[in-house]
Amino acid sequence: MKDFNYHSAKDSKEASKLASSSSAFLAGGMTTIPSMKLGLATYKDLIDIKNIKKLSGIKVSGKSVTIGAATKHVEVSNSKDVKKAIPSLSSLAEGIGDPQVRNRGTIGGSIANNDPSADYPSACIALNATIHTNERKIEAAKFFKGMFETALKKGELIEAIEFQIPEKSSYQKHPNPASRYAIVGVYVAKHKGDVNVAVTGAKSCVYNDKEMSKALSGNFSSSSIDGMDLDSSEMNADMHASAEFRASLVVTQAKKAVDAC
Amino acid sequence: MGKISLEVNGRKVEKEAPDNTLLSTFLREHLQLTGTHIGCDTSQCGACVVHVDGNSLKSCTALAADVNGSKVTTIEGLETNGKMHPMQEAFKKLHGLQCGFCTPGMVMSAVDLLQKNKKPSDTEIRDWLEGNICRCTGYQNIVAAVKEAATKM
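The listed protein sequences derive, respectively, from chains A and B. Reminder that position 60 of the first sequence reads as 60 in my numbering, one-by-one numbering, no gaps. Counting from 1 along the second sequence, just add 1000 to a position and that's the residue number in my numbering.
Keep in mind that the hints were calculated from the coordinates and are not lab data. Treat the hints with care, as some may be off.
Interface residues of chain B toward chain A, partial, derived using beta-carbon atoms under 8 Å [as the list claims (entries may be wrong)]:
| hint | residue |
| --- | --- |
| 1 | 1018 |
| 2 | 1019 |
| 3 | 1056 |
| 4 | 1061 |
Looking from chain B toward chain A, a few residues come up when the C-beta cut is under 10 Å (computed) [claimed, not checked]:
| hint | residue |
| --- | --- |
| 5 | 1049 |
| 6 | 1060 |
| 7 | 1132 |
Even glycine gets a Cβ: it sits at the ideal position worked out from N, Cα and C.
Pulled out of the complex, with its shape left as it was, chain B reads as follows:
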C-alpha cells in the first residue's frame, strides 16, 4: 500500500492504493472516473489513453505509483462548464464513432496530437492514431473529425 497523490482534471486527490494498482484501475475504481475505458488491457487498443503531465499514455500500462505527483487529464476533464471540447464536438458532428467504446482514447490521443502539431496532414493523423484501435467505423470519419477539430482549436 502506498499513498497516491495526483491532480486529476484540476482536482487534487489523495488515496491509499496497493502498489500493483494500475493507473486505469485507480481512475475507474478508486475515483469512479469510468470514462477511461479498458478495452484489450494489453496496451494495444488505446481505449484507456489519458494525459499525464500533458502527454498521452495508456493508463492500463502504467502504475498509479509510477505517475505519483503528476497532473492527469481524463476524458471527463475536457469539457468546460458543460460545453464539449472542440474534439468531442467534431467527433459528434462528423460521426467519428459508432459504438463509442474506443472514443475516449481516440479523443485523448487526438487532443495530444493537436497540442504538438496544430495542422496535421491525413498521414500524420493516421500515424499518430496508430495505438488506437476502432472495431466499428473504420477510420475515415475519425480522421475527418480530427481535421475539423484542428480548425477550431
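Excised from the complex, chain A in its bound form:
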C-alpha cells in the first residue's frame, strides 16, 4: 500500500477542512483499505472520522429512524429500537458481509461508496431516506448517481441517514455464495400512499423499479407482479448471473419480499 498521511478528525468541521482533491474520509475502511491495498485507489491523506462522536448513534422518532453515518452494521442489527421500528433494516444489516465486516463497517461508508451490489443503498431508496451531510440534506432518490458515484461533493461528509418508517417492508437478497454481496437484492417498502421497490445488484446503480412499484401500489400482493417480464438490456451480466437471470431474479426476490411483508 502506498504511503499516505493519517489524520483523526475531532469534528465534521475539522474533517472537511482537512479534505482535498487527494484525500478520502476513513470510516470502517472495509472498502477503502482493500481498494488502497490493491492499488485501485491512492490518497495522500486519509481522514479518520470514526472518533467524531456526533456521527454515531441511532434515534427513533414517531415517523423516522435516524442513524449516524459512523454507526457500525453490528450496532444497527443489534439495536432493539431499529428492530421494532423497521425490522427489515435490522435484518439487512445482519446480512452484510461477515461478523468482522459488521463489527467495523459503517452505514455512511457503505452509502458514500455506492457499490452497485451493496445492501444499504436499496434501504435508502425504499425507505425514502434523507441523507444529512455537513452542508445540506439530500433525498436518496437524488443521491445515488451511478456506479460508485453519489451526489457528494469533495469534502462533503455524510453525518446521518434518516429513514422513513414504512407500514410494512422486507429486504430479500440473493447473495453471491462467496462474497455475500447481492447478486440481486430487492427492498420492498409499503408507505401510506405508495410502494417502493428498490433493487440492488441488478444494474450499475441501485434504482426504484417503477413498473413493480406501480403494480404493487394498486394491489399489494405478489400476484400483481407474478411473471412480470422486466427489460434486461441494462442489467449486469457476469460469471455468476446473466442479465436475463438477473431480470427474472428481481421479480422472484420482489415477490418473496411482498410475501414476507
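Given the coordinates of chain A, assemble chain B onto it according to the supplied hints.
Below, chain B without anything else, positioned relative to chain A:
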C-alpha cells in the same frame, strides 16, 4: 510516521510506525507476534482475525493508526500460564484443523462468537464463521470443536 500505543495481550506497547502500517503488519513485524496469519491479504479468508476492544476484526483490513489506544488480543494471548484456551483444546481434541494455517483466525472468531452467544446452534456457528475460510478439512470438525468449547467456557 506516528506513535502507535496499544495494549496487546495485556502488555502495553508503544512504537513508531509509518501511517500506512496495517494492524496485521504491526503485530507480525513490529511486535513479532506471528501467530496472526496473513492468508489472502484481501479481507476474505479470516486467518488474520484478532480481537480489538473485545470484538473480532480482520487485522489485514485495519490500520494500526486506526485502532490506536485499543486493547488487542491475538492468538498468543489466549493461553493462561501455559495452558491452552478451551477453544484451542477443543480444536486439538476434535481435529478441527489439518494444515493449521487458518486456525488462529478460526479460533479467534469462534471465541468472539461464544462471548456473544454462549450456546450457538450449528447454523449459528456456520453463519458466524462465514468470514473464515479453511482449505483443508472442511468445516465439520471445526463446528464440532466450537460446540465442544461451548460446553467448557
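Each hint tested on the structure:
At its closest, the beta carbon of residue 1018/B sits 6 Å from a beta carbon of chain A; the interface hint therefore holds under the 8 Å criterion. About 4 Å separates the beta-carbon of residue 1019/B from the nearest beta-carbon of chain A, less than 8 Å, and the hint is met. For residue 1056/B, the interface hint holds, the least distance from its beta-carbon to any beta-carbon of chain A being 5 Å, beneath 8 Å. Against a cut-off of 8 Å between C-beta atoms, the interface hint on residue 1061/B holds, since the closest Cβ of chain A lies about 5 Å away.
At about 6 Å, the closest approach between the beta carbon of residue 1049/B and any beta carbon in chain A falls short of 10 Å, and the interface hint on this residue holds. About 8 Å separates the beta-carbon of residue 1060/B from the nearest beta-carbon of chain A, less than 10 Å, and the hint is met. For residue 1132/B, the interface hint holds, the least distance from its beta-carbon to any beta-carbon of chain A being 8 Å, beneath 10 Å.
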